[in-house]
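Number of protein chains: 2
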Amino acid sequence: MHTPRFNITAVERDTGLSKDLLRMWERRYGFPSPQRDQHGERLYTAAEIERLRLIKRLIDKGFRPGKLFASDPESLESLLAEPTTPQMPSVIEDWNGYLDLLRQGDISGLRDALQQQLMRQGLQSFVLDTAAPLSVAVGEAWMQGQIRIHEEHVYSEQLKSLLRQSMAVLGERGRPTLLLTTVPDEEHGLGLLLAEVLFMLEGARCISLGTRTPLLDIVDAAARHGVDVVALSFSTSFPPRQAAIQLKELRDYMPASIELWIGGAGTERIVLPPGVKRGMGRQGPAQLIEEWRINHA
Amino acid sequence: MHTPRFNITAVERDTGLSKDLLRMWERRYGFPSPQRDQHGERLYTAAEIERLRLIKRLIDKGFRPGKLFASDPESLESLLAEPTTPQMPSVIEDWNGYLDLLRQGDISGLRDALQQQLMRQGLQSFVLDTAAPLSVAVGEAWMQGQIRIHEEHVYSEQLKSLLRQSMAVLGERGRPTLLLTTVPDEEHGLGLLLAEVLFMLEGARCISLGTRTPLLDIVDAAARHGVDVVALSFSTSFPPRQAAIQLKELRDYMPASIELWIGGAGTERIVLPPGVKRGMGRQGPAQLIEEWRINHA
DNA sequence: TTCATCGTTTTGTCCTAGACAAATATGAGA
DNA sequence: TCTCATATTTGTCTAGGACAAAACGATGAA
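In order, the protein sequence lines correspond to chains E and U.
Residue 1 is where the first sequence starts when you use the numbering used here, and the numbers rise one by one after that.
Residue 1 is where the second sequence starts when you use the numbering used here, and the numbers rise one by one after that.
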């Protein structure tokens, strides 16, 4: 068991920073400056990846690379703790009960706790008031290094399983018909499932393609199934600018009669292209459905 | 809605071919040779993307780029129809009933058909004799261009939902305890779910991490949950050589007391490192569990 | 024959470094 | 204070060279 070293492909995969960008940062700012193997190829350490993740997170939060690379590593940590918008309390504290179960590896305990909460709140409130914010908190906890990625995986699997189970009792639904999926670079499927539950509770008919559908196939699928709406989910970690570009493209390829909706924790910062609607917060999905029904009465 | 043109990022996203590779093919083989915008940046047409996808499928099937770029576009289509290995009857024909439902976009029809078959066969036989071979056939049909990727997505989602639902009635189980997941480059989760069902039917306790868990996290999760076995799934499209390397690494990182099992349609061609077991075919999973129980009686 | 081994060819990924568009910050003027 | 124009920062594209890894194919042994 030796100290693991990672090549640039692995770093791209684990940080979401493109190879081009990693090389450019090295050229421009001098960090990271990974060791090289005997062929001159970059070999990154786990610590470098850790710091890159931190920097990425801070950039997502609105800081600029120039400042971040200039200041010393220690002070970066503290920046993360600052709330994004003033008066916004840390989301993590409220959920420490569930997070502790995760940290202890108590899977059945976690499952029981979720199940119990679902019973208490009912499906809609459970999704809106527990599952959605808890998922954000779990993501946040991972970002801050409080839990490991496999613990996030366990959480995700348990919740998916629970939701699928609950959804099975909701039968075939009416209009509008929605096509749900994510773009190819967005692999988080949990938000999609949450959206599916909410839309089904509003009586819509949902066709889910799962994650990572190529844009041209979304267009084709929408036409084939004659859907009224294409709904996409974006997680917090998805780059907002990328999202805007892809939405614009997709909007261009599809007839205007098919609406394009987006949702998920990562949608707030996305600048919406014309003809794209956002469904956020408690009333988001219900509102979108209601609007659609009024317009198509 | 104008004639769509795609930049290299969009092509990478929709074909799965890296920018580097797209540029290299252009340099080396002269295809694709996209138009350029006023700044010299590549602009691909939908037709070029279509052909690139075809070429990608053929390469995945075992053809070599050199040959493919040499032969004319028309003859490429016909290559897809050929069976991968001689004397192997096309698996697709046997499953045309389901495939037709997919092609017609009849989702509820598909769901009913699967449900009905599950009722008729029982869970174990359904997984072994329907779900597993049908999934291979669906993959094959996509490779041959008979269905589009979004239709494969629909199939996958319906089957997952059905299986999760069925699994919910199987409660907490006994030993051994298995950790199920895939390596970071393997995103196919259907095989994992099939394995989970089979192992649970044998009375094992399954902890699923979903897909794409970093190797070091697999190690950590295995230790944390005190599992007896780590089970990984590989799809047919996974490069066997890569699989062998990762298995060897993983075997090195983990204590010998934890067994390492692999399964899935893509395992046949993998050269097994020492200390790794393969569970293939009808009796595979049952056999592995039984062996383990004998050794740990 | 069949199988393994070793050199050769093909193929994909990494490298450097220049250019420039898009995003953001800054400052001038209303 | 706000708006617009200009400057700076930042990310992504470009080209072509290099070379590792994979696949092929020929040669020799069982």
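Hints in this document: simulated from the structure, not taken from any laboratory.
It is possible that part of the hints are untrue.
If chains are identical, the list can't say which one is meant, so a pair holds when it fits in one copy or spans any two.
DSS-like mimics (lysine-lysine), calculated; alpha carbons at most 27 Å apart, straight line [said to hold, decoys possible]:
hint: 1; residue 1: K67; residue 2: K56
hint: 2; residue 1: K277; residue 2: K248
hint: 3; residue 1: K67; residue 2: K277
hint: 4; residue 1: K19; residue 2: K67
hint: 5; residue 1: K160; residue 2: K61
hint: 6; residue 1: K160; residue 2: K248
hint: 7; residue 1: K19; residue 2: K277
hint: 8; residue 1: K248; residue 2: K61
hint: 9; residue 1: K160; residue 2: K67
hint: 10; residue 1: K19; residue 2: K248
Quick rundown of the hints versus the structure:
1. K67 with K56: This pair counts as within: shortest intra-copy Cα distance 13 Å, inter-copy 42 Å.
2. K277 with K248: within (12 Å within a copy, 48 Å between copies)
3. K67 with K277: neither (34 Å within a copy, 47 Å between copies)
4. K19 with K67: Cα proximity of K19 and K67: one copy only (21 Å, versus 30 Å across).
5. K160 with K61: Answer is within: at 26 Å inside a copy they meet the 27 Å cutoff, but 33 Å across does not.
6. K160 with K248: The answer is neither: 30 Å in one copy and 31 Å across copies each exceed 27 Å.
7. K19 with K277: Neither: 33 Å inside a chain and 31 Å across chains, both beyond 27 Å.
8. K248 with K61: within (23 Å within a copy, 34 Å between copies)
9. K160 with K67: neither (38 Å within a copy, 45 Å between copies)
10. K19 with K248: Close inside one copy (25 Å) and across copies (22 Å); limit 27 Å.
The structure does not agree with the numbered hints 3, 6, 7, 9 stated previously, though it agrees with the rest.
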